[in-house]
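**Student:** Below are the chains, spelled out letter by letter.
2 protein chains.
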Amino acid sequence: MSTAVAPKGLEGIVATTSSICWIDGDAGVLSYRGIDIHQLAERSTFEETTFLLWNGTLPTSGELATFTQHLADAREIHPDVLAFLHNLPKTASPMEVLRTAVSLLSIYDADEKLTTHEANIRKSFRLTAQIPMIVAIFDRIRKGKPVIDADKSLSHAANFLWMLNGEEPSATATRALDIALILHADHELNASTFAARVIAATLSDLHSAITGAIGALKGPLHGGANEATMHLLYAIEAAGADPVEYVRQMFAAKKKISGFGHRVYHTEDPRATHLRRMSEELGTAAGNTKWFDMSRKIETFVKAEKKLNANVDFYSASTYTTLGIDIDLFTPIFAISRISGWAAHVIEQHDDNRLIRPRADYTGPAYPAPLTPIESR
Amino acid sequence: MSTAVAPKGLEGIVATTSSICWIDGDAGVLSYRGIDIHQLAERSTFEETTFLLWNGTLPTSGELATFTQHLADAREIHPDVLAFLHNLPKTASPMEVLRTAVSLLSIYDADEKLTTHEANIRKSFRLTAQIPMIVAIFDRIRKGKPVIDADKSLSHAANFLWMLNGEEPSATATRALDIALILHADHELNASTFAARVIAATLSDLHSAITGAIGALKGPLHGGANEATMHLLYAIEAAGADPVEYVRQMFAAKKKISGFGHRVYHTEDPRATHLRRMSEELGTAAGNTKWFDMSRKIETFVKAEKKLNANVDFYSASTYTTLGIDIDLFTPIFAISRISGWAAHVIEQHDDNRLIRPRADYTGPAYPAPLTPIESR
Chain U
1 MSTAVAPKGL
11 EGIVATTSSI
21 CWIDGDAGVL
31 SYRGIDIHQL
41 AERSTFEETT
51 FLLWNGTLPT
61 SGELATFTQH
71 LADAREIHPD
81 VLAFLHNLPK
91 TASPMEVLRT
101 AVSLLSIYDA
111 DEKLTTHEAN
121 IRKSFRLTAQ
131 IPMIVAIFDR
141 IRKGKPVIDA
151 DKSLSHAANF
161 LWMLNGEEPS
171 ATATRALDIA
181 LILHADHELN
191 ASTFAARVIA
201 ATLSDLHSAI
211 TGAIGALKGP
221 LHGGANEATM
231 HLLYAIEAAG
241 ADPVEYVRQM
251 FAAKKKISGF
261 GHRVYHTEDP
271 RATHLRRMSE
281 ELGTAAGNTK
291 WFDMSRKIET
301 FVKAEKKLNA
311 NVDFYSASTY
321 TTLGIDIDLF
331 TPIFAISRIS
341 GWAAHVIEQH
351 DDNRLIRPRA
361 DYTGPAYPAP
371 LTPIESR
Chain R
1 MSTAVAPKGL
11 EGIVATTSSI
21 CWIDGDAGVL
31 SYRGIDIHQL
41 AERSTFEETT
51 FLLWNGTLPT
61 SGELATFTQH
71 LADAREIHPD
81 VLAFLHNLPK
91 TASPMEVLRT
101 AVSLLSIYDA
111 DEKLTTHEAN
121 IRKSFRLTAQ
131 IPMIVAIFDR
141 IRKGKPVIDA
151 DKSLSHAANF
161 LWMLNGEEPS
171 ATATRALDIA
181 LILHADHELN
191 ASTFAARVIA
201 ATLSDLHSAI
211 TGAIGALKGP
221 LHGGANEATM
231 HLLYAIEAAG
241 ADPVEYVRQM
251 FAAKKKISGF
261 GHRVYHTEDP
271 RATHLRRMSE
281 ELGTAAGNTK
291 WFDMSRKIET
301 FVKAEKKLNA
311 NVDFYSASTY
321 TTLGIDIDLF
331 TPIFAISRIS
341 GWAAHVIEQH
351 DDNRLIRPRA
361 DYTGPAYPAP
371 LTPIESR
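Chains U and R are the protein sequences, given in the same order.
Counting from 1, one number per residue, gives the positions in the first sequence under the numbering used here.
Counting from 1, one number per residue, gives the positions in the second sequence under the numbering used here.
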């Protein structure tokens, strides 16, 4: 048996081919199907970007209209799943609820037993439409508010804000969320996407893969970083402290700051550029740039002190907070976006599959170790 | 950025160190913590083997008694989870139910927010005790039979058979299942275990990792192989065909036979040795060696014709069927066993963690592709 030892965490190991996402970590480039993320953030929508991720090319206006309609039409939650959400403890974390509800959805999915390209696309429409609904519905249930019906005439981003808040969102808020969804839609073989592909590669179903991806995203080293950033901003405010002094003391105490640095980018994370701008614009529009100003000071200090760049998570914290979104919904919103990329990767995996099954370098007791009789141990 | 391209499916790539399981695919050796699987199958129990997997050493008799008691004491299903199982469609597949129920269990787990070694052990006891209960309870619910309470005085294997069938199992049946659970308990970085480690490596929780692992095991390239073997045996019986002729015609039609060959073993899968023996012994004890005889003929033919060895799945099909277990419970029983190994791997991953995040080799449209205005597409 010939084996090759990879660096820990498979860092720098090419685990598969993929035509979905291209990243140049040194140049700070992120692109979907070859199209630069800056172009998409400035000129596309989440619906168009999702079409691009799933189909490989941009839609014509007719294709985009059909795609948008299919996605809106899929805004239906099975009554048993709705009842399930009502019966949960109100204290359940939104990510646990989302992971469980997505797993439950497969039981009611007409295509559950199929893993064909066409069935995967149909399931992807349903999951992409219903994941934001689950997040919004459970948030209202836990707060004792009435559940809001989906509005199929609204855009994907606007319908989520509508179902979350029960009021028609402003154009500014809708566009800010739409851009955030575009920016987070895919990122090559990040841990949750890789988990989805490992699961899909057993020829298991899309719901299994997405359930696993949500579980991976839940971890603080992945989806949890912007929550940690916001907790830091709140802690600084509660202490009435100077942000730079506060962070300086954290560094002196050997503490890490969330939202800086990235395994792949060695320059500015291109997504951070847009989130910084949105954080400032939303703050200005709301007449409250407190979180943006605090973030900017921390960013400048960390860059000077540690040569670390802000990543996608750093400014999404102040952006989402300024949009009035609770801190424990940050990671679910990441999932609301990333489902489009997860689905694209599962479809690609199933279209040309091979089981993903690496080896381990054994470091335990030498073989054959004795099975000593229990009375002699 | 330096990258190294791995073979497809990460075949032969060492993705991590691990002290849990050592396999020599050329020599046909499988060992847990250095102890040969044949020793364990002949002289250990599932409880003792699970202690070994989690702790790295064999227990003293006092340690084993405490461990066994902890595992039995954890045979308690939260009433909300029991109600959830009662409310599911009776047609739901057992693996979807198990995946969803394990995800749901975390919402009721007192240690949900913790990923310490101690908390992981406590959660592992609960999941190992409750996964078989969920499988047995849902099987009885879907068949319209009353749910059987756990018997904490029984062994792990016996309690499962008791809760499944509502009658005290024979010593032969209990020992056969116990051995099957030992044989399936771990297998290094198989796809479901690797999925669990990828999820755990974001510092997500044990339930997230196990939920993902169940999703991976559900795939026909992983847990589903013994189901396919049994469907083949049933098809041969229904056709009144000669097993060898039937398989010969399948080969002529370029069809694959499940239960043969293995990514890692190039000789006999050491687990197959025991399952072959159990299949024969259980058949003889039941006065019906039909499935064993048919399996043996197919094995001999496939070995001669294709140089392929029977793997762990091939004889587990006839073994489980002779134990009176339904075909769609084969993969759940795999999970009932593998939870012990999954838990060991998640604990090991969390004890010395690094995010698992490989790269992809991009094969899509060249960057920068234009974002052509929609009216010009």
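Simulated from the structure, these hints should not be mistaken for lab results.
Predicted model only: the values in this text are computed from it and were never measured.
Certain hints may be false.
Heads up, simulated DMTMM-like pairs for lysine to aspartate or glutamate below, C-alpha to C-alpha not over 20 Å straight-line [stated by the list, open to error]:
| id | chain 1 | residue 1 | chain 2 | residue 2 |
| --- | --- | --- | --- | --- |
| 1 | R | 90 | U | 326 |
| 2 | U | 256 | U | 242 |
| 3 | U | 143 | U | 326 |
| 4 | R | 255 | U | 111 |
| 5 | U | 8 | R | 268 |
| 6 | R | 303 | R | 268 |
| 7 | U | 255 | R | 11 |
**Student:** Does each hint fit the structure? Answer for all of them.
**Tutor:** Hint by hint, here is what the structure shows:
1. Only pairs whose Cα atoms come within 20 Å are accepted, and residue 90 of chain R paired with residue 326 of chain U is rejected, the gap being roughly 37 Å.
2. Between the alpha carbons of residue 256 of chain U and residue 242 of chain U the distance comes to roughly 18 Å, so the proposed pair stays at or under 20 Å and holds.
3. About 12 Å separates the Cα atoms of residue 143 of chain U and residue 326 of chain U, which keeps this hinted pair within 20 Å; it holds.
4. Between the alpha carbons of residue 255 of chain R and residue 111 of chain U the distance comes to roughly 25 Å, so the proposed pair goes past 20 Å and is violated.
5. For the proposed pair residue 8 of chain U and residue 268 of chain R, the alpha carbon gap of about 31 Å is over 20 Å, so the pair is violated.
6. For the hint linking residue 303 of chain R to residue 268 of chain R, the alpha-carbon distance of about 10 Å falls within 20 Å, and the restraint holds.
7. A C-alpha spacing of about 38 Å is found between residue 255 of chain U and residue 11 of chain R, which places the hinted pair above 20 Å, so the restraint is violated.
The earlier numbered hints that this structure contradicts are 1, 4, 5 and 7.
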